[in-house]
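**Q** Protein chains in written order, with my numbering: chain A, 1 to 467; chain B, 1 to 300; chain C, 1 to 346.
These are computed hints drawn from the structure, not numbers from a lab.
Beta carbons are placed, not taken as given, at the ideal position from N, Cα and C, and that holds for glycine.
Hints are not guaranteed to be accurate.
Unchecked claim - Derived DSSO-like pairs: lysine-lysine, alpha-carbon spacing no greater than 27 angstroms straight-line:
hint	chain 1	residue 1	chain 2	residue 2
1	A	Lys276	C	Lys49
2	A	Lys180	C	Lys211
3	A	Lys180	C	Lys264
4	C	Lys338	A	Lys269
5	A	Lys157	B	Lys186
6	B	Lys99	A	Lys20
7	A	Lys276	B	Lys110
As the list claims (entries may be wrong) - Here chain B is said to cover these stretches of chain A; the calculated rule only asks that three of the stretch's residues, wherever they fall, bring their Cβ under 8 angstroms from a Cβ of chain B:
hint	region
8	271 to 285
9	344 to 355
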Amino acid sequence: MTNTTSTSQGPALEQEGPIKKFFRATEIDTRILGMVVALILVWCIFDIWSGIIRPNEGLFGGSFLTPRNLWTLLVQTSSIAVMSTGMVLLIVLRQIDLSVGSMLSLVAVATGVLQVYQLGPSLGVGHPAIWVLGVVMCLAIGTIIGAFNGFLTAYAKIPAFIVTLGGLIAYSGVAFLLAKGETVAPMDQNFSVFGGGVERSWLGPFWSWIVAFIACAAIIYAIVNGRRQRQRFGFPLRPVWAEVFLASVGSIVMLGTTLVMNSYAWPPKLIENFAKANSIVIPAGIENKDGKAICMAAENVVRCTEGFILYTGYSLPALIAIGVCLVMTFVATRTSFGRYVYATGGNPEAAELAGINTKWLTVKVFALMGFLVGVSSIISSARLNAATNALGQTNELYVIAATVIGGTSLAGGVGTIYGAMIGALMMQSIISGMSLLNLAAAYQNMVVGGVLVLAVYLDQLYRRNVK
Amino acid sequence: MAKTPAKKTTAAKKISKPVAPETHETPVAVTGSQTFKQTRAQPEGIPLIEMKEISIAFGGIKAVDHASINLFPGEVVGLLGHNGAGKSTLIKVLSGAYKRDAGSIHVEGKEVTINNPRDAKGHGIETIYQTLALADNVDAAANLYLGRELKTKMGTLDDVAMEAECRKVMHRLNPNFRRFKEPVMKLSGGQRQSVAIARAIHFNARILIMDEPTAALGPQETAQVGELIKQLKAEGIGIFLISHDLHDVFDLADRLVVMKNGKVVGTASTKDVDHDEVLGMIIAGKCPPGAIPGPGAMRN
Amino acid sequence: MKKTIIAMMAAGLALGAASMPVMAAGKTIAVSWKTFQEERWKTDAAAIKAVVEAAGDKYIDSDAQGSAQKQAADIEGLIAQKPDVIMVVAFDSDAILPSIKAISDAGIKSIAYDVQFEDPNALYITFDNVGVGRIIAQEVSKLKPEGNYAFIKGDKGDPNATFLFQGMMEVLKAGIDGGKIKNVCETFTDGWKPDNAQKNMEQCLTSTSNKVDAVLSENDGMASGVVAALTAQGMAGIPVGGQDGDLAAINRVAMGTQTVSVWKNSVDLGKTAAAAAIALADGTAMDKIAGVAKFNGGKNKVEMNSILLAPTPITIANIGVAIDAGHITKDQACAGVKAGTVEACK
Ligand SMILES: Nc1ncnc2c1ncn2[C@@H]1O[C@H](COP(=O)(O)OP(=O)(O)OP(=O)(O)O)[C@@H](O)[C@H]1O
Ligand SMILES: [Mg+2]
Numbered sequence: 001m002t003n004t005t006s007t008s009q010g011p012a013l014e015q016e017g018p019i020k021k022f023f024r025a026t027e028i029d030t031r032i033l034g035m036v037v038a039l040i041l042v043w044c045i046f047d048i049w050s051g052i053i054r055p056n057e058g059l060f061g062g063s064f065l066t067p068r069n070l071w072t073l074l075v076q077t078s079s080i081a082v083m084s085t086g087m088v089l090l091i092v093l094r095q096i097d098l099s100v101g102s103m104l105s106l107v108a109v110a111t112g113v114l115q116v117y118q119l120g121p122s123l124g125v126g127h128p129a130i131w132v133l134g135v136v137m138c139l140a141i142g143t144i145i146g147a148f149n150g151f152l153t154a155y156a157k158i159p160a161f162i163v164t165l166g167g168l169i170a171y172s173g174v175a176f177l178l179a180k181g182e183t184v185a186p187m188d189q190n191f192s193v194f195g196g197g198v199e200r201s202w203l204g205p206f207w208s209w210i211v212a213f214i215a216c217a218a219i220i221y222a223i224v225n226g227r228r229q230r231q232r233f234g235f236p237l238r239p240v241w242a243e244v245f246l247a248s249v250g251s252i253v254m255l256g257t258t259l260v261m262n263s264y265a266w267p268p269k270l271i272e273n274f275a276k277a278n279s280i281v282i283p284a285g286i287e288n289k290d291g292k293a294i295c296m297a298a299e300n301v302v303r304c305t306e307g308f309i310l311y312t313g314y315s316l317p318a319l320i321a322i323g324v325c326l327v328m329t330f331v332a333t334r335t336s337f338g339r340y341v342y343a344t345g346g347n348p349e350a351a352e353l354a355g356i357n358t359k360w361l362t363v364k365v366f367a368l369m370g371f372l373v374g375v376s377s378i379i380s381s382a383r384l385n386a387a388t389n390a391l392g393q394t395n396e397l398y399v400i401a402a403t404v405i406g407g408t409s410l411a412g413g414v415g416t417i418y419g420a421m422i423g424a425l426m427m428q429s430i431i432s433g434m435s436l437l438n439l440a441a442a443y444q445n446m447v448v449g450g451v452l453v454l455a456v457y458l459d460q461l462y463r464r465n466v467k
Numbered sequence: 001m002a003k004t005p006a007k008k009t010t011a012a013k014k015i016s017k018p019v020a021p022e023t024h025e026t027p028v029a030v031t032g033s034q035t036f037k038q039t040r041a042q043p044e045g046i047p048l049i050e051m052k053e054i055s056i057a058f059g060g061i062k063a064v065d066h067a068s069i070n071l072f073p074g075e076v077v078g079l080l081g082h083n084g085a086g087k088s089t090l091i092k093v094l095s096g097a098y099k100r101d102a103g104s105i106h107v108e109g110k111e112v113t114i115n116n117p118r119d120a121k122g123h124g125i126e127t128i129y130q131t132l133a134l135a136d137n138v139d140a141a142a143n144l145y146l147g148r149e150l151k152t153k154m155g156t157l158d159d160v161a162m163e164a165e166c167r168k169v170m171h172r173l174n175p176n177f178r179r180f181k182e183p184v185m186k187l188s189g190g191q192r193q194s195v196a197i198a199r200a201i202h203f204n205a206r207i208l209i210m211d212e213p214t215a216a217l218g219p220q221e222t223a224q225v226g227e228l229i230k231q232l233k234a235e236g237i238g239i240f241l242i243s244h245d246l247h248d249v250f251d252l253a254d255r256l257v258v259m260k261n262g263k264v265v266g267t268a269s270t271k272d273v274d275h276d277e278v279l280g281m282i283i284a285g286k287c288p289p290g291a292i293p294g295p296g297a298m299r300n
Numbered sequence: 001m002k003k004t005i006i007a008m009m010a011a012g013l014a015l016g017a018a019s020m021p022v023m024a025a026g027k028t029i030a031v032s033w034k035t036f037q038e039e040r041w042k043t044d045a046a047a048i049k050a051v052v053e054a055a056g057d058k059y060i061d062s063d064a065q066g067s068a069q070k071q072a073a074d075i076e077g078l079i080a081q082k083p084d085v086i087m088v089v090a091f092d093s094d095a096i097l098p099s100i101k102a103i104s105d106a107g108i109k110s111i112a113y114d115v116q117f118e119d120p121n122a123l124y125i126t127f128d129n130v131g132v133g134r135i136i137a138q139e140v141s142k143l144k145p146e147g148n149y150a151f152i153k154g155d156k157g158d159p160n161a162t163f164l165f166q167g168m169m170e171v172l173k174a175g176i177d178g179g180k181i182k183n184v185c186e187t188f189t190d191g192w193k194p195d196n197a198q199k200n201m202e203q204c205l206t207s208t209s210n211k212v213d214a215v216l217s218e219n220d221g222m223a224s225g226v227v228a229a230l231t232a233q234g235m236a237g238i239p240v241g242g243q244d245g246d247l248a249a250i251n252r253v254a255m256g257t258q259t260v261s262v263w264k265n266s267v268d269l270g271k272t273a274a275a276a277a278i279a280l281a282d283g284t285a286m287d288k289i290a291g292v293a294k295f296n297g298g299k300n301k302v303e304m305n306s307i308l309l310a311p312t313p314i315t316i317a318n319i320g321v322a323i324d325a326g327h328i329t330k331d332q333a334c335a336g337v338k339a340g341t342v343e344a345c346k
């Protein structure tokens, strides 16, 4: 065959400016970048605003950009974030699960009843088998209910919307009956470690740094390995500066997050208890500078700058959420299961014709969603240290909103795990920030609803412009 | 722009030595109760594929009605017919996309069960669908390997290896193609068709079904597909070629089968009939003397 | 005489030893229940039956099974048995009115039990709902007469959330005006949900740098979220108030993480109503019964004689009340409580 001068298909390459060149070389998703910028902007606004109402030690003098609030924000986001990673795959597959909130109630109440009414009295409160069985039960029930939803959708051919709408109503009924309308509390003391509200669920600075370094090593390995792979086949490579840039941004984000987590000091009361329990002498206070550490001033413990101090580091629920995000990203992008989910979402018929068992795939994705609901129910019930049928109610709305704000298209086939995580973080930031400002839930709902619609609108604009 | 010329190696492994279709004059019992006087139309031996008395209806419409066709190794059989004649439906039964209501399928003389696309692929039957059947939101390599991905030692997707293979096979079909990183949704119609063809020929097919494979292709690419068909044929692969282009069919096919309203009008060797006769078969269902009439032939 | 003493004791339990006229046995007290589907009404029924039979009177009842029509028929049936008093737990407080008139026409006294229907001839007996907020605030401010208060209110759409808050404010107004009490956070909680309450409490603690001395939660479910948020800051143990008598809340009271759970004890309600019914049967005038006051807070502002019962605040000092009433078992109430710290758990 012959090659004429310029038969390169597709549009001719334009002369590109430095910015465009930068984005092309680094392959940064500009949409995600936009979301991150918006998120940081929201954070700054809340910090400034809350500082006007009540000055605090935040970056701009408010309460939002403090290690404490950011730490709390991660914990508060974790349950919704974990579920939204599953919802991404479901929506990519052109399915939906409206029952996640009720499922969470049901699973949480079931494990609560098991721990408080069954195992507690029979094994003795605090027996180590209680938390193990509690966790296993959450994951198992979640997976089974999810698979059931998936089975009805895939094999009985009832639309997922209907199946899970039914589930939304029915599962909360089951949860109510199980709990007899009461609050089941308190959860097993070992189990409550998953909630992040007790000292034992804090990693501490040392292990937090270890986690951070492992993560940085993984990022660098992934980039180097990717480059080596492409070299193997002689494919075009990213410029070295772009690789270095990506590796450093990834590492800086990881290390920065860790630094913030590690600068949240234990609440003074807990440090005091700790010191007492371990017979550590708290130094006498020279000056009450309202620092992070604590000192003794006469009979009382006061905050001071140089005294006895402990830092929290990552909390277990935040770590679980980050871990789930990484694992789910891996599943979505690096396994054939993930590939099938995306391909089926893009064209179900084509996937079926390619030999993919799309029905069984649907069951698996629903089951995975159920499993993640199980994880979230562990976090939520442990965090509240109680289980009620109100726990989890309306969570489905927040999970779907986080997913959609994160760029997942309800038409199917498009969506990313990290997008949903950022979406969840965005939503919780708004709720927490407005709560800091003492603005009522009604306003929070209004703003979150508005952000949802705005996010989808901007997304549409973006996609149209890219095309 | 300098380019490496396409290597003349096929991705498909050579599976048997070329079998030249031969013609004979022996009476062969064809389907059902009827026995036709066999002319020269059929090669000898065990057919690679034999579909007997296939019927399938959608609601009240008999899309395919007691149709029987066969295919021999190294043979190209053209499938012709007006729009809605039932061509795509018939071959979709073979590829496992549709479940037949009646009839049987035989591969190399043995009856087989084909209930889904996986079964068909298991027998070496690959298909280029009229609708292409591509997952629009993933890239060419992902489509090429959909359902049979290459894995690394750790069991993860080996995207780089898949892309490398994809570049090889695409180079053979469409040397100018370069948009390997983009979802196929963003490709032109012809480029998408190239991806679909690449997928069908990449996996050592024994039987290839091509449902209007060149409908969206430019003249250069069409010629390339023609070359490809000849090459595959020489490797002993049997091909069903559905096309509305009589020139193409006469050029590439050894035999042709014409369908009308779900029924087979007739089967003929391309040497025994001419364009006008075939048009008569397609439009009026009139079976010329050079062809073996089927149940759909107009009787008078 | 013996019967009288028992009846007096029973009534005294409920009414706080009010003086009673001499009672004659052999009367009949009838009750028309709206449904026995809900567990709680059985508790009420048992309490009423016990008091009535202890007084030597006869107890009869009927279950309307959640139907206004059936309740009307039930009441006709009860009237035919010529009781002295008919208590009615109305399923529909408007549809019931003709039946109530029929009761009066037959010369029988009627009592509106827990659910109000506006008939001036009936005696209305219920809990003082507005008082709940007041009691929460009283119990908490007893422990913390001054300091920073946080208010975790219920759902914005529920009028009860506002009533409860009004009750709290009545008690705290003086302290707030005097500058002793500072309202540092005040948030409605979407859907009365505990997890939302927890997040609100966390944000409250963040914004005030933990400078919170007491928390008034409008129910026990939300109090569980409040306590979880306080625990994470090592602050569990500061005064926290709630209401409902949730089993988990009573356990928290025993553990010392919640100060008070205001409990509407239906046994109290039943005993009070039974004693009042006996008094009516014995011919005591409605407005002469102990605890009766005028009430016109209903929909149509009809003035009625009523007994508004004060709910029981359950604090660490009187957990035994809930255990003795069978509302909660000792094991449930005392789970995880350090031995020897709570009287009722010994
Ligand atoms: N999935 C389906 N559901 C209902 N009817 C169908 C379906 N697929 C095909 N048909 C009907 O079956 C008949 C045969 O269709 P088919 O697609 O096989 O025709 P064709 O010969 O391939 O035509 P063309 O040349 O237009 O591709 C048509 O009448 C069509 O409407
Ligand atoms: Mg067709």
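**Q** Now tell me, hint by hint, if it's right for this structure.
**A** Here is what the structure says about each hint:
Among the hinted pairs, A:Lys276 with C:Lys49 is inconsistent with the structure: their alpha-carbon atoms are about 56 angstroms apart, more than 27 angstroms. Restraint check for A:Lys180 and C:Lys211: the C-alpha separation of about 37 angstroms exceeds 27 angstroms, so the hint is violated. Between A:Lys180 and C:Lys264 the CA atoms are separated by roughly 18 angstroms; this keeps the pair inside 27 angstroms, and the hint holds. A distance of roughly 20 angstroms separates the Cα atoms of C:Lys338 and A:Lys269; the hinted pair therefore holds under the 27 angstroms criterion.
Only pairs whose Cα atoms come within 27 angstroms are accepted, and A:Lys157 paired with B:Lys186 is rejected, the gap being roughly 32 angstroms. Under the criterion of a C-alpha separation no larger than 27 angstroms, the hint pairing B:Lys99 with A:Lys20 is inconsistent with the structure, at around 51 angstroms. Using a Cα cut-off of 27 angstroms, the hinted pair A:Lys276 and B:Lys110 is violated, with the two alpha carbons roughly 83 angstroms apart. With a cut-off of 8 angstroms between beta carbons, the region 271 to 285 of chain A has 0 residues touching chain B; three or more are needed, and the interface restraint is violated.
For the region 344 to 355 of chain A, the stated coverage by chain B is satisfied: 11 residues place a CB nearer than 8 angstroms to a CB of that chain, which reaches the threshold of 3.
Figure legend: structure checked against the earlier numbered hints; hints not met, in rising order: 1, 2, 5, 6, 7 and 8.
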